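Participant: Chain by chain, the residues:
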Amino acid sequence: MMKTFKFRLLVLVTLLLLWGGLAAGALLYYSVIRRGQYLEMGNRLALRQGTIQATRGRILDCNGVVLAWSEKYYDLFLVNPPSGDIRREAVIQKLRLVLPESEPEVAGDAIWLLKTDLSPSQLMALEVLLRSYPELQIVPREERLVVDYPEVRRFIGRVAYRRDLMYGVDGAEKEYDVELSGTPGEYEVMLDRRRNWIAGTWKLLAPAISGEDMKLNVALADLLEKQQ
Amino acid sequence: MVHFNWALVVAGLLFLLGLWGCMAIYNATLMNAAPFYFVGRQFFWLLLGLVLLVGCARVPFRWYRSQMKFLAPVMFLFLITVLPLGIQVNGMRGWYSLGHFMIQPSELAKPFFLLTLCLWGGHFGDGLKRFGTMLGITLVWLVPVILQPDFGTATVYLAGFLIVYWLSGGVFWPLAGLAAALVPGVIYLLATRPYIMRRFEGFLTPLADPGGSGWHVLQFQYTLARGGFSGMSWGKAVWANCYLPLPHSDSVFASITESLGVAGAMPIIFIFGLLVFAFVKLALLTENRERRIYVAAFGCLVAVQALLHISVNVTIFPPTGLTLPILSYGGSSLIATMIGAGIALSAAKPESEPKP
Chain A
8 MMKTFKFRLL
18 VLVTLLLLWG
28 GLAAGALLYY
38 SVIRRGQYLE
48 MGNRLALRQG
58 TIQATRGRIL
68 DCNGVVLAWS
78 EKYYDLFLVN
88 PPSGDIRREA
98 VIQKLRLVLP
108 ESEPEVAGDA
118 IWLLKTDLSP
128 SQLMALEVLL
138 RSYPELQIVP
148 REERLVVDYP
158 EVRRFIGRVA
168 YRRDLMYGVD
178 GAEKEYDVEL
188 SGTPGEYEVM
198 LDRRRNWIAG
208 TWKLLAPAIS
218 GEDMKLNVAL
228 ADLLEKQQ
Chain B
164 MVHFNWALVV
174 AGLLFLLGLW
184 GCMAIYNATL
194 MNAAPFYFVG
204 RQFFWLLLGL
214 VLLVGCARVP
224 FRWYRSQMKF
234 LAPVMFLFLI
244 TVLPLGIQVN
254 GMRGWYSLGH
264 FMIQPSELAK
274 PFFLLTLCLW
284 GGHFGDGLKR
294 FGTMLGITLV
304 WLVPVILQPD
314 FGTATVYLAG
324 FLIVYWLSGG
334 VFWPLAGLAA
344 ALVPGVIYLL
354 ATRPYIMRRF
364 EGFLTPLADP
374 GGSGWHVLQF
384 QYTLARGGFS
394 GMSWGKAVWA
404 NCYLPLPHSD
414 SVFASITESL
424 GVAGAMPIIF
434 IFGLLVFAFV
444 KLALLTENRE
454 RRIYVAAFGC
464 LVAVQALLHI
474 SVNVTIFPPT
484 GLTLPILSYG
494 GSSLIATMIG
504 AGIALSAAKP
514 ESEPKP
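Those sequence lines, one after another, are chains A and B. Converting from the first sequence to my numbering requires adding 7 to each position, the first position being numbered 1. Converting from the second sequence to my numbering requires adding 163 to each position, the first position being numbered 1.
If you're looking for bench data, these hints aren't it; they were derived computationally from the structure. If you're wondering where the values come from, they're calculated on a predicted model, not measured in any experiment. Note that the Cβ used here is the ideal one computed from N, Cα and C, for glycine as well. Mixed in with the good hints, there may be bad ones.
[To be verified] With the Cβ distance kept under 8 Å, some of the chain B side facing chain A (calculated, not the full set):
| hint | residue |
| --- | --- |
| 1 | Phe392 |
| 2 | Met395 |
| 3 | Ser396 |
| 4 | Ala428 |
| 5 | Ala446 |
| 6 | Leu448 |
[Unchecked claim] Stretches of chain B that chain A covers, calculated by requiring three or more beta carbons in the stretch to come under 8 Å of a beta carbon on chain A:
| hint | stretch |
| --- | --- |
| 7 | 177-187 |
| 8 | 472-482 |
Chain A extracted, bound-state conformation (with noise of 0.2 Å):
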């Protein structure tokens, strides 16, 4: 009796083995021996890499006198909102408690604006906030600013996007705009599978060179002169 349990159980021990061998192999298999193309598949599938804006160079009249700048705006989206009521109530909650005056402003199926032109110590309220719920996420916008004059904005000229990034359509911003561009850097990062970043992988590949200052002979009074 004991010599046919020792043989039956070899036989369950074996075929426990060879199972234990396969499931070894297969490891190994997508681990090391097919890694790269899976590693591939894997970062086509949730990889990122995007542009970050160069800061546009300040125009200058010929006494230094600032004309044009740039500045900086943060906004608050959430992104890829979650399809179940339960959770967007609790991302909606938790940032009144935070953000109070926020309300809501859809702006697509999968976009919707919270909040416009958050201050530094809002961005550090919401820090633990988009910790918790990644389809939170702060959007920079820059702005270009002009001093106040008809004239000198039309001297300036006009800016607009293209792809993210800004560009002089009319006037110096045009004339000077390789100048003031500088070079856009450029990142990368990880998503979820809601295509939400991932917090902890977001990665530098190039960082961005701000546009260089440009000085032009002309001075701000003789603007203000030719306009009066």
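Since the structure of chain A is already known, use the hints to place chain B on it.
Facilitator: Just chain B now, kept in the frame of chain A:
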């Protein structure tokens, strides 16, 4: 003396796996808002499990044998009443909710099902009669599990039946007959339930439908690839956290592989192998037949569940929700394994106990 040592080896390995599991759960939930929530609970279950392991090992085996007529019906009642009284989690009605805790009866009933098979199944003649008895007992316990429906756990119950039947000297031909009889049923299921076929196709050719039926298989493969030989380092199971289902439970082996690579995952397979070896040694030192079968069957069943979990995670088995014994998050699973191991250690004690 040798006997005592193997029992100690079993207890030591279970504790080691339990601690490893706590670290793995922390690693798999590090990106959560409360990263200590799951690991804290699991550590509590591990301590409770150790107490139950020692407690169950100290209870004489004759007590289990004499009380099985009560224990088995109570556990079965516990298992079947979850269908009307339990709550639904992840599409399965398999949990009782007790405020902050949930109990999964299909896990807790597992060692008692195995004990029922070992103590009662082998006493009804030989050949077809024994096969029929054991299969009948198995079906009675299996039906509530299938109705939940928890196919992963049902597979483990079925494996328990096959192991005990084989170790108790059951003849081979009724098994072959059963397999042949099941073929038309399987064909009917595949023909009438296209999602089963799609799931199978997704497993065989995941790239044919990468965003649908092949999704989970591919995510497991990408996770293993990210791990490589030495892993992304502890706490960096990013892919497992974001793309795998339940990285602290059903996908814990893949999440460990992503963090520690092959170098950290292979020892787990090795330790489970060592655990089976220790149970086999204990079984061979046990004189009584039914006790011997229980000790060996329990060790093998733990190994089968571990291999099923690992096989799903390394994509040589179609995706199904199943925990890695001791390592995965879940109090019911951990405590059931500890109780089962405690009963096995009790069964492996020498026969020199006083007669009641």
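Participant: Determine for every hint whether it applies to the structure shown.
Facilitator: Structure-based check of all given hints:
For B:Phe392, the interface hint holds, the least distance from its beta-carbon to any beta-carbon of chain A being 6 Å, beneath 8 Å. Because the closest C-beta pair between B:Met395 and chain A is about 11 Å apart, greater than 8 Å, the hint is violated. For B:Ser396, the shortest C-beta to C-beta distance to chain A is roughly 12 Å, which exceeds 8 Å, and the interface hint is violated. Annotation: B:Ala428 was flagged as interfacial toward chain A, and the flag holds, the nearest CB pair being 6 Å apart, inside 8 Å.
A cut of 8 Å between beta carbons decides the hint on B:Ala446: the least distance to chain A is about 7 Å, and the hint holds. The interface hint given for B:Leu448 is broken, as the beta carbon of that residue sits about 11 Å from the closest beta carbon of chain A, more than 8 Å. Only residues whose C-beta sits within less than 8 Å of a C-beta in chain A count toward coverage, and the stretch 177-187 of chain B has 0 of them, not enough to reach three; the restraint is violated. For the stretch 472-482 of chain B, the stated coverage by chain A holds: 5 residues have a C-beta nearer than 8 Å to a C-beta of that chain, and at least 3 were required.
In terms of the numbered hints stated before, the structure departs from hints 2, 3, 6 and 7, listed from lowest to highest.
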